[in-house]
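Student: Read off the chains here:
4 protein chains.
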Amino acid sequence: MDMKPSIVCAAASPDAGDARIRWAWRNMPVLRRIAEAFRISRPFRDLRVAMSIHVEAKTACLAKVLAEGGAEVALTGCNPLSTQDDIAAALAREGLHVYCVHGATAESYESHLEAALSCRPHLVLDDGGDLARRLHGDLRDLARDLIGATEETTTGIRRLRALHRRGGLRYPVIAVNDARCKHLFDNRFGTGQSVMAAILATSNRMLGGSTIVVAGYGMCGRGVALRARGLGADVVICEIDPVKAAEALMEGYRVLPMDEAAAIGDLFITVTGCRDVIRDRHFARMKDNAMLANAGHFDVEINLRELAAASVGCRQVRPGIRGYDMADGRVLCLLAEGRLVNLAAGDGHPIEIMDLSFALQAESLRYLAESGGRLPVAVHPVPESIDRRVAEWLLEARGIPIDSLTPDQSAYLEAFVPD
Amino acid sequence: MDMKPSIVCAAASPDAGDARIRWAWRNMPVLRRIAEAFRISRPFRDLRVAMSIHVEAKTACLAKVLAEGGAEVALTGCNPLSTQDDIAAALAREGLHVYCVHGATAESYESHLEAALSCRPHLVLDDGGDLARRLHGDLRDLARDLIGATEETTTGIRRLRALHRRGGLRYPVIAVNDARCKHLFDNRFGTGQSVMAAILATSNRMLGGSTIVVAGYGMCGRGVALRARGLGADVVICEIDPVKAAEALMEGYRVLPMDEAAAIGDLFITVTGCRDVIRDRHFARMKDNAMLANAGHFDVEINLRELAAASVGCRQVRPGIRGYDMADGRVLCLLAEGRLVNLAAGDGHPIEIMDLSFALQAESLRYLAESGGRLPVAVHPVPESIDRRVAEWLLEARGIPIDSLTPDQSAYLEAFVPD
Amino acid sequence: MDMKPSIVCAAASPDAGDARIRWAWRNMPVLRRIAEAFRISRPFRDLRVAMSIHVEAKTACLAKVLAEGGAEVALTGCNPLSTQDDIAAALAREGLHVYCVHGATAESYESHLEAALSCRPHLVLDDGGDLARRLHGDLRDLARDLIGATEETTTGIRRLRALHRRGGLRYPVIAVNDARCKHLFDNRFGTGQSVMAAILATSNRMLGGSTIVVAGYGMCGRGVALRARGLGADVVICEIDPVKAAEALMEGYRVLPMDEAAAIGDLFITVTGCRDVIRDRHFARMKDNAMLANAGHFDVEINLRELAAASVGCRQVRPGIRGYDMADGRVLCLLAEGRLVNLAAGDGHPIEIMDLSFALQAESLRYLAESGGRLPVAVHPVPESIDRRVAEWLLEARGIPIDSLTPDQSAYLEAFVPD
Amino acid sequence: MDMKPSIVCAAASPDAGDARIRWAWRNMPVLRRIAEAFRISRPFRDLRVAMSIHVEAKTACLAKVLAEGGAEVALTGCNPLSTQDDIAAALAREGLHVYCVHGATAESYESHLEAALSCRPHLVLDDGGDLARRLHGDLRDLARDLIGATEETTTGIRRLRALHRRGGLRYPVIAVNDARCKHLFDNRFGTGQSVMAAILATSNRMLGGSTIVVAGYGMCGRGVALRARGLGADVVICEIDPVKAAEALMEGYRVLPMDEAAAIGDLFITVTGCRDVIRDRHFARMKDNAMLANAGHFDVEINLRELAAASVGCRQVRPGIRGYDMADGRVLCLLAEGRLVNLAAGDGHPIEIMDLSFALQAESLRYLAESGGRLPVAVHPVPESIDRRVAEWLLEARGIPIDSLTPDQSAYLEAFVPD
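Listed in order, the protein sequences are those of chains A, B, C and D. Position 76, counted from 1, in the first sequence is what the working numbering calls 76; the numbers after and before it change by one each time, with no gaps. Position 60, counted from 1, in the second sequence is what the working numbering calls 479; the numbers after and before it change by one each time, with no gaps. Position 232, counted from 1, in the third sequence is what the working numbering calls 1070; the numbers after and before it change by one each time, with no gaps. Position 325, counted from 1, in the fourth sequence is what the working numbering calls 1582; the numbers after and before it change by one each time, with no gaps.
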């Protein structure tokens, strides 16, 4: 199967990309350990892997690990604004097949997905489900050799589960997102740190003493809320699930419906996976200079069409911030065009966190490869043994031993009537 | 079916008990709402309910709600040290059938369990699984009319699941502990606050600036760690699960094996559900004046036999604290005789938390009653609708509205390819 | 000079008091070190010391250290509700001159102050300024031999400074409160922990998820706010100083005037040193079941007369809690009768904190004794060398070495133009 | 007096600078309010003001406020790496006299100071004391018309006080740093947020789960420690003052001497105002990949000469990070060349914080101007009334009313014997 030639930004600097990749690599001990094993075992020998993911330094490390394991890798982005061209160029120079350009149009973006899938992959790595969308749609023929796929995000898995409920799923998927070593770390601590880092760098505004409204108290939302509070903000939570709302309350946050929160927030962060979380009637009540940022996968959480309609003009007020002038003189400040703020206005998740997530990805893809296609068509959890092992490797890399059960203790935990 | 006459401490003051029960009742709005509904619907008419639970003000409220719903209630303790005699006396005076005395011997304790079960209950409420142990052992004949049971604790459920795996379970059980409104609140925030409150009141020692070692980073352990840190301590976590250990690490705690932690702790709190978590080789390394407390269900987490063997004498050094003199001059300070410190040296979980847990209990027992015995013999989750409703009632009682999905938003979340 | 015979509660148990004193002593390494030095140097030989202080285990240790240093000690309380009779009895049994009874009437309380002063003290230790009040009033004749005094509290020092500004001060006073090792620790962390501990033990209510209004953001108030937040509460601050209010805001608290805060608090804690902080128009707006506690030195911060006038009845709803029935059905819950809640409903500050404060007291009294009356009549700071030494001894007791400046570094810090 | 023509980077974009200045201006309500008053009162009419300060958007706003007040402003930097050329160009275009270029050599830097002073200023604004150094040295003749100066930093004030102790100070200085509205906010919360923001943006590394060593627990250091902990790190403090060390301990931090901390830190942040805080013997013990950042005013806290000597090579590993290769294979990563990391690798303090600091500056300069030279030569505090007013204006800008004392309450606080 011939791979199409790489499509990357011509003006990019592969050297700069390489330096960033090496920095990440130095801080990913778990992935380095897996790479070492893969170099010997070659689990992906003769296999083609299509990846759709934010193309930056850490994902580059994952792509290289798969290549070390024998895979032929076709890599494309999963969001036109999150591609870092230098990284793409560095990977293309090393012989990976790379199809992505920062700021691609919707049309080019789709053509890049197609280019990646045109290799007829044995394995697919999806982040948000765009490859799955094409493989269940117009490009279903390219799924012929497919053994299975992994999916990185809450959003992607929700979409695949919805599809499977309706009987439409066509291949087995490993829900990497649902592994404990993924959502407990990446979604919560990774999103928490990277979203706040992006907002700090983009705005230079003081978070201590401000009111930050976080819409969504799932794993990602609670990470954002935790770090917003850790930076000194008074945090308000908006939720639709009463149990999560009650939990936020008991954690000491204020819980309000968005209609009320709109009037008091200095900064709004959406992280729900849903659309129209902030819309015209909320814009109408916001304070002058309120900032709006989205940390959900798609740029639909803040209704941008309604924001534009509500304003009388807009302009760049600082790199990464667009000011919308309201008729009454207020200015509402949109960060990163409403796209995933930590990737569109920052470097994405911290390296050490992605070391865990991508260790799960690498091991799950190895597991799929070894399954040889015998896994039923369904959304599968990451095997508990992989989850556990990744955590063990992290602890080992940091030199942290932990306790283990004695035989007596194990017996005690298994007994119905302990002595 | 005749109930045996109540057995309560003769010296107890039902008036004092009553006052405490009324104080709790005023702070349990969700349970009050359920009581109001039960008074009309009478879901337990003609049913006998046996409860084994820490007998104090909040559980008294639950017992009364069941009685309001038509049940004949037989109540016994689940730990000889956690019974508050005034409360037991107040309930007995109101006509409930109560069998418990603070500080009962092991033998009396067992006879009280038997007294409660002698009513041949239709429904059983267990906290830790002591009624289940007897109903699967010597008192199996008393399970003849049994429709099902609820179990309150992680420990009890683990035991029942182990039993079910071996084919031994005899009736359906609702795992109340596993409901979100239970373990997210009761285990974490309830245990966290009440354990620290008991230690503060018992010791008068400064927690800020001290090193607190928390063994076990399950839901209970993380609540304890959170509050210990909130009180200014440097918190160290001991774990056997690498994922939980990694999580504790990312939350900013130090993670150490107990062999190392033993040497640096000023206060040790076990909350693992396992035995022998702290034992002779740890006692040998501890600092002078180190305090030891257990927050796990059973008093086996700190090996008391080995502690006694390692010491050359012991005496009460303050109410609730026993000082063990080591041969080398150090004194190790055991709180509440190694029993569940928040109940044995305090008033247990905060009232508002138990309002949630007992709302789940009341509704789960209603669900069992309405099932009329049609539920298969297994360990069942609390129905999601009950879980959700309890949280909704909490929010309503506090006057906190939350957002809800529009039809468009629901459709978006269900779609595979969102527009 | 003959001392009057001790006046203590006849029913008290000196043995129980002794056990508590020994527990405190074990946890006061700095004071133990000073005692050892005093036993040799005997700085108070032939001197009489009158102390007015909360009589409990930790202050007992201080009294004993002074006695070890050669002083004849006359001890009285500084608040009728904070005296622990067992402790008083234990000290009297050891030969100290003790005049205090828990729950003394205002009249007896004053007679106890007089009994303590009747020894014509050389040195006075005041906590809140009650001895100073008498020594500047009707008992001025008993100040004849007085070398000087120490004062423990913010309130007491403010009163003495006001007096000195008007030219009325009669002897030199060391403002122990203003030493860094006092107010940074005792006022902030000591008050913070002990106030929350007392409220937890008294109420059994859940603080996580509640709104706690803290009136006063001085050192004590910020300690209370910090621990209230650490226990999961949403904390609101009321202040009169705009800089402190701005500081609270930047720390992430909400800042509101009491008129607004009154309507949203679940728990109110006054810690201002001022009177009438919460009064009738606030009671009128409070939620049903709101709790009121005072952590300021005097019981004037919550206007109890107006609370009584606003209510139609009141009764004990739980030990330490009085429920006031409002005409509209609401109940407002007053803790510890509006007195210093951490002492009236708890054991006061944590032991390790008082170890620092009382080390300062002991050393300041030694400094006064050595001054031989040559200190001018004024309010003096604790000498910086004492402050520093006490902190050094704390660190040594915990085995914590710290860095020190090299000669080059010292020179750098002193230079105007560093090289 | 003629001003020298501006010296700014020719390649800079005044438009880009202008946009950043406008963004800051929108978020500085207190300074806007002062500007409005100055436009009418013109306190600096006919006065020349020389400013040495980090030239970026917020300081530009201050310069413009002084110009609005009638001053002729001569502006130079206070650190060659912190100048933002676009800002300098924008100010020069508006007619201010600007002398600074990013990355100036030591020689040019000094010539820029001289150019600013050549106007023979009436008022001087210093940040770190470089203008003072020249005005007390080779350029003392240019101080002829000087009424007085303000100094922004702890470091600058310490130097001026040392000078004054030796009798060398030549003009009155207002210690802006020591105002409550300065050091409580700018030093603590401003430094805390901006240092962590710069490190996050520069490194993309995970702080949660890492060990961060903060050297220095003054106001700046505690801000850094607070935010480092808020981001999930395990924070270790190094100090030379035993009281501050004890305070850090009670706040829950670990306190260690640098010799021990060196071996466990993942990230080191110096913020002491002293030199050689981290040096060769510490580099020798550090972990591979340890990061080093300085947040003190001068780049002497990490001994860079010894770092270079200890390494066998070094190279840029990521923009803003230099990797030093140790002979044993470890790499130590130096951020921002050891210069003030929040300014050299970020946008400096948050806007809202500088709104307070610069309001103090503007009002202090007005106070100096109005003093007409009658202030004695000394280091003076900012008048309490200014401090208070700035906080009031902040609260007003945010719409936050606070409580005020009634006459009765004031009387109570002044009384020696309250009724």
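Note that these hints are calculated values from the structure, not bench results. Heads up, some of the hints might be wrong.
[What the hints assert, rightly or not] Pairwise CB distance ranges (calculated):
1. A:E384 x B:R452: 54 to 64 Å
2. B:E526 x C:A1147: 11 to 21 Å
3. C:D1097 x D:S1368: 17 to 27 Å
4. C:A1235 x D:V1569: 12 to 22 Å
5. C:R864 x A:R22: 29 to 39 Å
6. D:V1569 x B:I683: 50 to 60 Å
7. C:A1216 x D:P1664: 27 to 37 Å
8. B:I683 x C:P1214: 24 to 34 Å
9. A:G103 x B:R452: 36 to 46 Å
10. D:G1352 x A:D328: 28 to 38 Å
11. A:E337 x D:R1283: 57 to 67 Å
12. B:A682 x D:G1586: 44 to 54 Å
13. D:G1586 x B:A830: 34 to 44 Å
Backbone N, C-alpha and C define an ideal beta-carbon position, used for all residues, glycine too.
Student: With reference to the structure, classify each hint as holding or not holding.
Tutor: These are the hints, each one checked on the structure:
For E384 (chain A) paired with R452 (chain B), a C-beta distance near 40 Å fails the hint of 54 to 64 Å. The supplied range of 11 to 21 Å is broken by E526 (chain B) and A1147 (chain C), whose beta-carbon atoms lie about 57 Å from each other. Look at D1097 (chain C) against S1368 (chain D): about 59 Å separates their beta carbons, and that is not inside 17 to 27 Å. Distance hint for A1235 (chain C) and V1569 (chain D): a CB-CB separation of about 44 Å, inconsistent with the stated range 12 to 22 Å.
Range check, R864 (chain C) to R22 (chain A): about 56 Å between beta-carbon atoms, so the 29 to 39 Å window is missed. The given range of 50 to 60 Å is broken by V1569 (chain D) and I683 (chain B), whose C-beta atoms sit roughly 37 Å from each other. Evaluation of the 27 to 37 Å hint for A1216 (chain C) and P1664 (chain D) yields a pass: the beta carbon distance comes to about 29 Å. Separation of I683 (chain B) from P1214 (chain C) is about 48 Å and departs from the stated range, judged on CB atoms against 24 to 34 Å.
Range check, G103 (chain A) to R452 (chain B): about 55 Å between beta-carbon atoms, so the 36 to 46 Å window is missed. The given range of 28 to 38 Å is respected by G1352 (chain D) and D328 (chain A), whose C-beta atoms sit roughly 33 Å from each other. Here the CB-CB span from E337 (chain A) to R1283 (chain D) is close to 20 Å, at odds with the stated 57 to 67 Å. In this structure the supplied range 44 to 54 Å is violated for A682 (chain B) paired with G1586 (chain D), their Cβ-Cβ distance being about 32 Å.
One distance hint, 34 to 44 Å for the beta-carbon pair G1586 (chain D) and A830 (chain B), is violated here, with the actual separation near 57 Å.
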